[in-house]
Amino acid sequence: AQSVTQPDIHITVSEGASLELRCNYSYGATPYLFWYVQSPGQGLQLLLKYFSGDTLVQGIKGFEAEFKRSQSSFNLRKPSVHWSDAAEYFCAVEGNGNKLVFGAGTILRVKS
Amino acid sequence: NAGVTQTPKFRVLKTGQSMTLLCAQDMNHEYMYWYRQDPGMGLRLIHYSVGEGTTAKGEVPDGYNVSRLKKQNFLLGLESAAPSQTSVYFCASSYSTGAWKGQTQYFGPGTRLLVL
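Protein sequence lines, in the order shown, are assigned to chains A and B. Just so you know, the working numbering puts 324 at position 59 of the first sequence, and the rest follows in order with no gaps. Just so you know, the working numbering puts 46 at position 38 of the second sequence, and the rest follows in order with no gaps.
Because the hints were derived from the structure by calculation, they are not lab data. Predicted model only: the values in this text are computed from it and were never measured. Don't be surprised by glycine CBs; every beta carbon is placed ideally from N, CA and C. Errors might be hidden in some of the hints.
Said to hold, decoys possible - BS3-like cross-link-like pairs, simulated, lysine-lysine; straight-line CA separation at most 30 Å:
(1) 79(B) x 65(B)
(2) 314(A) x 17(B)
(3) 79(B) x 333(A)
(4) 17(B) x 333(A)
(5) 79(B) x 109(B)
(6) 326(A) x 376(A)
(7) 17(B) x 364(A)
(8) 65(B) x 314(A)
(9) 109(B) x 78(B)
(10) 79(B) x 17(B)
(11) 22(B) x 109(B)
(12) 65(B) x 78(B)
(13) 333(A) x 109(B)
(14) 65(B) x 326(A)
(15) 109(B) x 65(B)
(16) 326(A) x 364(A)
(17) 364(A) x 79(B)
(18) 364(A) x 78(B)
(19) 314(A) x 22(B)
(20) 326(A) x 78(B)
(21) 17(B) x 326(A)
Stated by the list, open to error - Covered stretches of chain A (chain B as the covering partner; in silico rule of three or more C-beta atoms under 8 Å from a C-beta of chain B):
(22) 344 to 355
(23) 368 to 375
Claimed, not checked - Chain A side only, calculated, beta carbon under 10 Å to chain B, not exhaustive:
(24) 274
(25) 278
(26) 279
(27) 299
(28) 301
(29) 306
(30) 323
(31) 328
(32) 364
I would like the entire structure built from these sequences, with the hints used as guidance.
Laid out in structure tokens, this is it:
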């Protein structure tokens, strides 16, 4: 069965510092991977997705993610965090029939 | 273009009461989904639909029913609410090209449900 692990429940970074959010997945075939962001009181918005080709994927709001098959990872990165990036971030893998399996989420706090 | 909308935004129920959550999308998407979000557990799929008139069970379907009578609407029903159903419920929709994979799901703003 597919599964997604986000090892960090909370992460705090200073504004302007770099960010890396970890995601590990378990899936038998070629994975289709997603990162979503949820601002407080809002629904989820897609940041980026990967399903083939270049292993470094660019997304919206200056985010990128790197797919590493050997490590079963799809970590999200941003070179310089802004206060508006404070939110909860979810990694997901697509299983059968376009169904997503989500990780538990990582809450990002940004300190000024 | 409103995207995915959900009604109501917030509701308080007593144990045993029933209610229906409404999800509507104006993007002509084939697929629609209902998730629940609980702290530390991410989002879990309750039921989903791959087209008008069809529904299927997800990961946590017990205690819920759904209907997709119109392509743009997906209803989630709780026949007899229980405190364990206190959660935030999200609806989502996606376009299907027949290739099945990699479609972006678009989410509504959520419904907060408290069952006392």
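Exercise for review: If any of the earlier hints don't hold here, list their numbers in rising order.
Suggested key: Going through the list in order, the structure violates hints 3, 4, 11, 14, 19, 20, 22, 25, 26, 30, 31 and respects the others.
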